[in-house]
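Peer 1: Chain order of the listed sequences is A and U.
According to the working numbering, the first sequence is numbered sequentially starting from 1.
According to the working numbering, the second sequence is numbered sequentially starting from 1001.
Hints listed in this document are in silico derivations from the structure and should not be mistaken for laboratory results.
Quick look at which bits of chain U chain A covers, simulated, 3 or more residues with Cβ under 8 Å:
1. 1327-1336
2. 1342-1350
3. 1364-1371
4. 1376-1390
Short, incomplete list of chain A residues facing chain U, as computed with Cβ under 8 Å:
5. Lys228
6. Tyr233
7. Ala237
8. Gln243
9. Ile246
10. Tyr247
11. Ala248
12. Gly249
SDA-like cross-link-like pairs, simulated, lysine to any residue; straight-line CA separation at most 20 Å:
13. U:Lys1356 x A:His304
14. U:Lys1253 x U:Lys1426
15. A:Lys228 x U:Glu1384
16. U:Lys1426 x U:Phe1318
17. U:Lys1356 x A:Pro12
18. A:Lys230 x U:Glu1381
19. U:Lys1356 x A:His240
20. U:Lys1356 x A:Trp227
21. U:Lys1383 x A:Leu225
22. U:Lys1182 x U:Ile1202
23. U:Lys1259 x U:Phe1318
24. A:Lys230 x U:Gln1368
25. U:Lys1259 x U:Asp1474
26. U:Lys1488 x U:Arg1475
For glycine and all other residues, C-beta sits at the position ideal for the given N, C-alpha and C.
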Amino acid sequence: MSNIVVDKSKVPWWVSNVIVPLVNLTLALLVSGLFVFIAGENPVEAVKLIIYGSFGYIQGFAYTLYYTTNFIFTGLAFAVAFHCRLFNIGGEGQAYIGGLGVFLVAINLSFLPVPIVWLLAIFGAFLFGAAWAYIPAYLQSKRGSHVVITTIMFNFIASSLMIFLLVDVIRDTNQMAPHTVKLPEAIWLPSFEAFSGILGIKIRYSPLNLTFLLAIASLFFVWFLIWKTKWGYEMRAVGHNTQAAIYAGISPHKNIIIAMCISGGLAGLLGVNEILGVSHKIQAGFPAGYGFTGIAVALMGRNHPIGILPAAFLFGILYQGGSEVTFEMPNITRYMFVAVQGLIILFSGALENLFRPQIESFFVRRLNREVSA
Amino acid sequence: MVSPILELTNINKSFGHVHANKNINLTINKGTIHGIIGENGAGKSTLMSIVFGLYQANSGTIKINEKEIKLRSPRDSIINGIGMVHQHFMLVENFTVLENIILGFEGETVFGEKLEKAKKDLEKLCETYNFNIDLNATISDLSVGFRQRVEILKSLYRGAEILILDEPTGVLTPQEVDELFKILRSLKEEGKTIVLITHKLIEIMDLTSEVSVMRQGEMVGHTKTKNTNKEQLAEMMVGRSVLLRVDKKEIKKGEIIFKVNNLSVKDDLDVTRVKDVNLEICSGEILGIAGVTGNGQTELLEALSGIRKVESGNIELFGEKISDQDNFLNPRMLKEKGLAHVPEDRQRMGLISDFKACENLIFGYHDQEPFSKSSILNNKEIKEHSKKVMQEYDVRPSSPTLTTSNFSGGNQQKIILSRELNENPKVLLVGQPTRGVDIGAIEFIHQRLIDMRDRGAAILLASVELDEILSLSDRIVVMFDGKIVGEKENKNVTDRELGLLMAGVSE
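Starting from the given sequences, assemble the full structure and let the hints guide the process.
Peer 2: Written out as C-alpha cells, the structure reads:
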C-alpha cells in the first residue's frame, strides 16, 4: 500500500533526517554488494578494503579528507540553489571556471604578501564561479529558460572554453600537454604533510591541504546564510512558493540570481583546493566529476550543512576506499564505483520516498504506544 | 408511509491517523430531502464518498432498500441507483449536453435509433423536472447553474433514485440557488431521495425535512428540520453556542483615504479582467465587493496590493498616486505606507505552508526591526513576537515552531490576519477572509475586521459569501464581468437585489 498517510507533525526529526537516509544508504550498499558478488569478488572483503583504504593508515585518511573537501564545496553549491528550488547541475562548469579565477589572481598578484594572495585567490574563485552561474540565472529569471538545461549546456561551454584557453592562451609553452605553468611555490597553500611535520609525525605525500578548513568554514557560512539572514529567508520563500513571495514584496528575479551566484561561487571554491592546494596549475578536466557527485552529496545530506558534512565524508570514503579496492581486486574496475554512486543517488534521491512512509508510520505508532503505555 | 432507502451502520474510515468517520449511523428515508451539515473537515464528504463508492469504509455496512450491498466503485453505486453531483463539475467543456450525458454510459447509443431514444428520454426528463436545457448546447456556453443541472440530469438518466449533492450552492447566485431548489423540490415530489451536504444553515432550514449534524468525524445528532432552528444547529456543529450576527457600531466615516480611478487590469493570459473601475474608501468604513467568483475581484485586489501591473488608470493612497501603468510600488513599499493585504487564497499566496508558523508571522515584515537588523534575523525576537500574537489571536496550537501546514484552515487564516492587522494598517484589503474556515473562527475574524474599522481603518472586503458582505459592509459594490455594476448603501438592501446585479442584470 503506497497511500499511507502520516501525520508529519508527529514524526520525530531524527526519524526523517537520520533513520530514513541511513536505511536508503544501507539498501544502496546492499545492492552494490550484490554487484561486487556478481563480478566474482567477496563483498565482505571489499568492505574491509574500503575501510582499510580510507581509515587504515594516515595517508589514506588524508586522501579521504581531501576528497571530502571537494564534495563539501559542490554539495553546498547544489544545496544553496536548491533552497530557492533551482536545480543547479552546472557545478562542474562553475568549478572549472572558478579554477581559472584562482589561477589568474594567484599568478598575477603573487608579489603581494602571501595571506593576501590566498584571500584574493579565494575571492577570485568565488567570483568566477558566481559569474559563470550568473548567465543561466539571468536567463532563468528574465527569459524563463530552465536552469537545468542551461547549466548542463554551460558545463560543456566551460569545458570547451577551458580547452581553448589551455591549448592556445595560457598553456605552459615549454611542453605539449594542455596545462598551465606552475604557480610560484611561495604561494602554495600549506599541505597536511607540512602540518604533520610540525607535530612531529612523518607522513608521505597527500593532497590534503588548508582548503579543508575553508570547506568547514563554508558549511558554517551556508548554515548562517540560509537560516539566519533575511537573504536566506527570502531565497527559501521564493523556493517554496513564488506567488507568496511576490505577495510579500520579495523579488523572485533578484533571489534566483543571488542563489545561483552563491551556488556557483561555492562550486568555484573547488578550484582553490585543486589549484592553490594540490596541483598548483590548471590541468584540463580537473573538476573530474566532483560537480556532479555534489548533487548526490546534497541530496543525501538533505540540503542541510549538517547533513552535507557526513554525506561528503561518505563519498570521500567511497572514492578513497574504492581506489584501494580497484587496486586489490582485479575484477572491480573504477566504473564499478561510479555505479555505486549511481545507486546511492537512486536510493537517496529518486527513491527517497520508497520506504519513508512505512518507516515514519512505524516510529509514530511505536512512540504513541510508549506514550499511552 | 416512511421507509428507509439508505441505511449506514457503524461506518468507520481512517486515513493514516486521521479518523475521518467514527461509527457513523445514518438512515435516510425514501422521498425526503435529507441535509447533512457540519464544519469543514467534519467528515461529510468522506462519508458521501463512501456511499458513492469512491472510498471503501474500514468497517460497517451499507443497506439500500433493506438489502446489504458492497460498493467498490462509483459504478456499483450507479447500478444501485446512487448519483452524486460533485462540488467541481465533471463535464467535458467542448462537448454538448447530450454528449456529456451519454459519455461513459453510451453502450450502443452513440448512433442511430438508440441515440434518438436517449434524446427522447432526456427530453422527457427535462420536461418532468422543468430543467429547461437545450441538449445540443455546448457546455462551455452554459452558465454555472446550467452546468449543475446537466450534472443532475446525468445522474437521473443513469437511474439515480438517491441523489447526493455536495455543497451545490457555493458557486451560484441567489437566483440560481432558487432555481436549483425548485428543481430539487420537484425531484422530491416525484419520489426521488436527495442528500444535501452543506455548511449553510439557511439552506438546511429552507429545503430539508430531516437533518443530520456531523462534528469531528462523528454523527452528533439527527432531527426533523421543523423541530430545530439555526442557533441550535450551529451549536451542534461547533459544540458550543455561537453568535451568528455581527455586532456593529454606527459608522464613523472619516475622509477618503484610498481611491481607485478608471482602473483596468489584465490577467496572466492578457485578458482584461478589471474594466474601468472607480472606487473610493473612507477611513472607518468597510466597502464590500460582492460578485460571483471570477468576475475580476482577484485581479482587482492583486492590482491594488501591488502584485499585478496596472493596465490603465491609477490608484491613490492619502492623495498620493501609488500606481499607474508606468510605475507601481511593490507590496513591501505599500506595507510601509500602511496598506495591508489578506489575500484570497492563503495556500497559494498568503503563507508558505512549509515554513514554521513564526516564519510566516513575519512574512513581508521580515526585513523590519526588530525582526531583523542589518539583514540578520533575530530569531529570539521573532519567536517571542510570534508567541505573543498567537495568543492574542487565539491561534491553536500556539506553537511558533510548528510547520504551518499542520494548522487547520481557520488557524492558518488567523496567522495571516494577525500578521496583517498587527501593524495597524490604515488601509486593509481583504479577500475571502473566511473561505474554508470553521464557524468559530469566522465569528472571531469578523469581529477583528469590525474592530479595525472602528479604529478608523479603511477596509475593502471582497467575498463571494453574500451573507458575509451583508453583515460586515457599510457600503456594497457589485462586480460583474470586471465592471462595477452597482453600488448600494448597506441599509435595506436585500440579497435579491444584489443577486440580480451579480448575475449581470443591470438596473
